[in-house]
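So you can see what is in the structure, the chains are spelled out below.
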Amino acid sequence: MSDLLQMLDMPFFRRALAAAALIGFTNGFVSGFVLLRRSSLTLSALSHTLLPGIVVVVLITGVLNQAGAFTGALLASLIVGIASITVTRYTRLPQSTAIAIFYTAAVALGVILIPYAHTSQNLEQWLFGTIQTMGDTDLKVFFGIACFTLMSSTLFMRPLLLTLFEPNVAAVQGVNVRRMNYLLYTLMIFALMASFQAVGPILSIGLLVAPGAIISLFTNNTKWLFWGGGIIGCVAAVLAVIISIPLNIPTGPAIVLVLGTLFLLAYISVTSRKFHSNTSS
Amino acid sequence: MKHLIILQEGVEMSNCKHVHTEGQTHQLLVNNLEVAYRSDTVLKDINLSAHCGSSLALVGPNGAGKSTLLKSIAGLIEPKTGRITWAGEDNVKCRGGEFAYLPQHEKVNWDFPITVQGVVEMGRYSQLGAWGKFTKKDDLAIERALDLMEMNGELAQRQISELSGGQKQRAFIARAIAQEAHVLLLDEPFTGLDREHTANLSRLLRKLTKENRLVIASHHDINTLTDTFDQILLLNRIVIAMGECRDTLTEENLNLTFKHASHV
Numbered sequence: 001m002s003d004l005l006q007m008l009d010m011p012f013f014r015r016a017l018a019a020a021a022l023i024g025f026t027n028g029f030v031s032g033f034v035l036l037r038r039s040s041l042t043l044s045a046l047s048h049t050l051l052p053g054i055v056v057v058v059l060i061t062g063v064l065n066q067a068g069a070f071t072g073a074l075l076a077s078l079i080v081g082i083a084s085i086t087v088t089r090y091t092r093l094p095q096s097t098a099i100a101i102f103y104t105a106a107v108a109l110g111v112i113l114i115p116y117a118h119t120s121q122n123l124e125q126w127l128f129g130t131i132q133t134m135g136d137t138d139l140k141v142f143f144g145i146a147c148f149t150l151m152s153s154t155l156f157m158r159p160l161l162l163t164l165f166e167p168n169v170a171a172v173q174g175v176n177v178r179r180m181n182y183l184l185y186t187l188m189i190f191a192l193m194a195s196f197q198a199v200g201p202i203l204s205i206g207l208l209v210a211p212g213a214i215i216s217l218f219t220n221n222t223k224w225l226f227w228g229g230g231i232i233g234c235v236a237a238v239l240a241v242i243i244s245i246p247l248n249i250p251t252g253p254a255i256v257l258v259l260g261t262l263f264l265l266a267y268i269s270v271t272s273r274k275f276h277s278n279t280s281s
Numbered sequence: 001m002k003h004l005i006i007l008q009e010g011v012e013m014s015n016c017k018h019v020h021t022e023g024q025t026h027q028l029l030v031n032n033l034e035v036a037y038r039s040d041t042v043l044k045d046i047n048l049s050a051h052c053g054s055s056l057a058l059v060g061p062n063g064a065g066k067s068t069l070l071k072s073i074a075g076l077i078e079p080k081t082g083r084i085t086w087a088g089e090d091n092v093k094c095r096g097g098e099f100a101y102l103p104q105h106e107k108v109n110w111d112f113p114i115t116v117q118g119v120v121e122m123g124r125y126s127q128l129g130a131w132g133k134f135t136k137k138d139d140l141a142i143e144r145a146l147d148l149m150e151m152n153g154e155l156a157q158r159q160i161s162e163l164s165g166g167q168k169q170r171a172f173i174a175r176a177i178a179q180e181a182h183v184l185l186l187d188e189p190f191t192g193l194d195r196e197h198t199a200n201l202s203r204l205l206r207k208l209t210k211e212n213r214l215v216i217a218s219h220h221d222i223n224t225l226t227d228t229f230d231q232i233l234l235l236n237r238i239v240i241a242m243g244e245c246r247d248t249l250t251e252e253n254l255n256l257t258f259k260h261a262s263h264v
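So the protein lines, in turn, are chains A and B.
The first sequence finishes on residue 281 if you use this note's numbering, and the numbering steps up by one all the way, no holes.
The second sequence finishes on residue 264 if you use this note's numbering, and the numbering steps up by one all the way, no holes.
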């Protein structure tokens, strides 16, 4: 405990905790939408595509910085997303198949190109998160993303839920379904960009899926799916920072591991409760 | 399905309100409607007129275009040619309160963490808008819808994924009723219902018609048509016949509707 108090005196640790809380909450909140939209697979594919994007930027520019990494990651995911939509439109292949082919090909290309990407920065750090090196500007960006997520999803919660439940019925009820879909994509991409820094592109989908999945095991209330997911994401990320820094293990993987453990515990708790209620009745 | 052009923009809540008042008649007009999915013409030369306080059954074989016609009326599909109006207004402007739409239930996300009551409450969102608070009136509309579909009590608090096929259908119909829309567009509303609930829904649709609503539903069972609907439209990509059930259900018309795969 005294070690923890001592560490709280260190600015980098305080910034890491604040970043973990903000990123964990935002991703946990948005994970409710990911779950209801049943888009975990697509997002997983897109998050993996961030890797070749970053590598290509390093190859072209010779440096690895935040702006370059974001641009490369965004362009790569856009190319894979648009390519899969195009294939789906002109063939009978489902989008999940098209996206699986493109993203694995993109990751393969990234893996082949990694040895040629010479940079003074640590590529591994980018691939698995850099939460310990957060600056004040990063924190302001995460705070902005968290505010935008909360405000827009609270303001448009009803039309968003109608769209996610059955888009045709939502449209007949007067919801502008296309705009709601754009809003959902924006929320997911913002959350992905935030988790990208915390846990890296490879593991970011874990932070964007697990909190909602955990809370969905306990509730039939959609409102709780979002707020509960946010709280779980926030607590798990903060806990992972507290555990990982003194133990000198990478924080990004620790966040995803804490969430994985929580999911396992939740699953055991729910199934054993069901088992007990079945045997007692 | 992926070739459908779904209209999803430019619609604000409650654009068009024609409160259903006893004795006041509003008309639905479909003029020269043609709908195509790319090069495949699904509906051609569709003309029909129906007014509130009546019920119309759409009857035809699989692929006849019944669901497409319902979606077109609901303003979900952009027609290639033709126009659909309700009470003189373009149908797309009437989304957001005037129409209630029941989709075929395999299209719905049944894993959604929501209770039956929650689903029915969603029906009130058109009236409440994005931010309006539930009032006593909304609570009564929800309670009435649940009562009418016998989904009250313990069933109302049940998670939707735990419902049987027929119960899911009843929950969704309750949602459409709670919406208190002027026009009910129901795609196969009797699917999955047992005999008792079929008879119950048939009575309910009659009651809604008497409340001056217009009910349009796709339907398969020719034997129960006259018990529920005033009018029938025999469809096989074109209108084969339309009129009172008794006059329209002739052997010749049924042969024309069901014995030819396609009329386009």
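Certain hints may be false.
To be verified - Derived, one-sided and incomplete: chain B residues facing chain A with beta-carbon distance under 8 Å:
hint	residue
1	53
2	125
3	153
4	156
5	159
By construction, these hints were calculated from the structure, which means they are not laboratory data.
Please read all numbers here as calculations on a predicted model, not as lab measurements.
We treat Cβ as the ideally placed atom computed from N, Cα and C, and that holds for glycine.
Each hint tested on the structure:
The beta carbon of residue 53(B) comes no nearer than 21 Å to any beta carbon in chain A, farther than 8 Å, and the hint placing it at the interface is violated. Hint on residue 125(B) holds. Least Cβ distance to chain A is approximately 5 Å, under the 8 Å limit. Taking 8 Å as the C-beta cut-off, the interface hint given for residue 153(B) is violated, the closest approach to chain A being about 16 Å. The closest approach between the C-beta of residue 156(B) and any C-beta of chain A is roughly 12 Å, which is over the 8 Å cut-off, so the hint fails.
Satisfaction of the interface hint for residue 159(B) is found here, the shortest Cβ-Cβ separation to chain A being roughly 5 Å, below the 8 Å cut-off.
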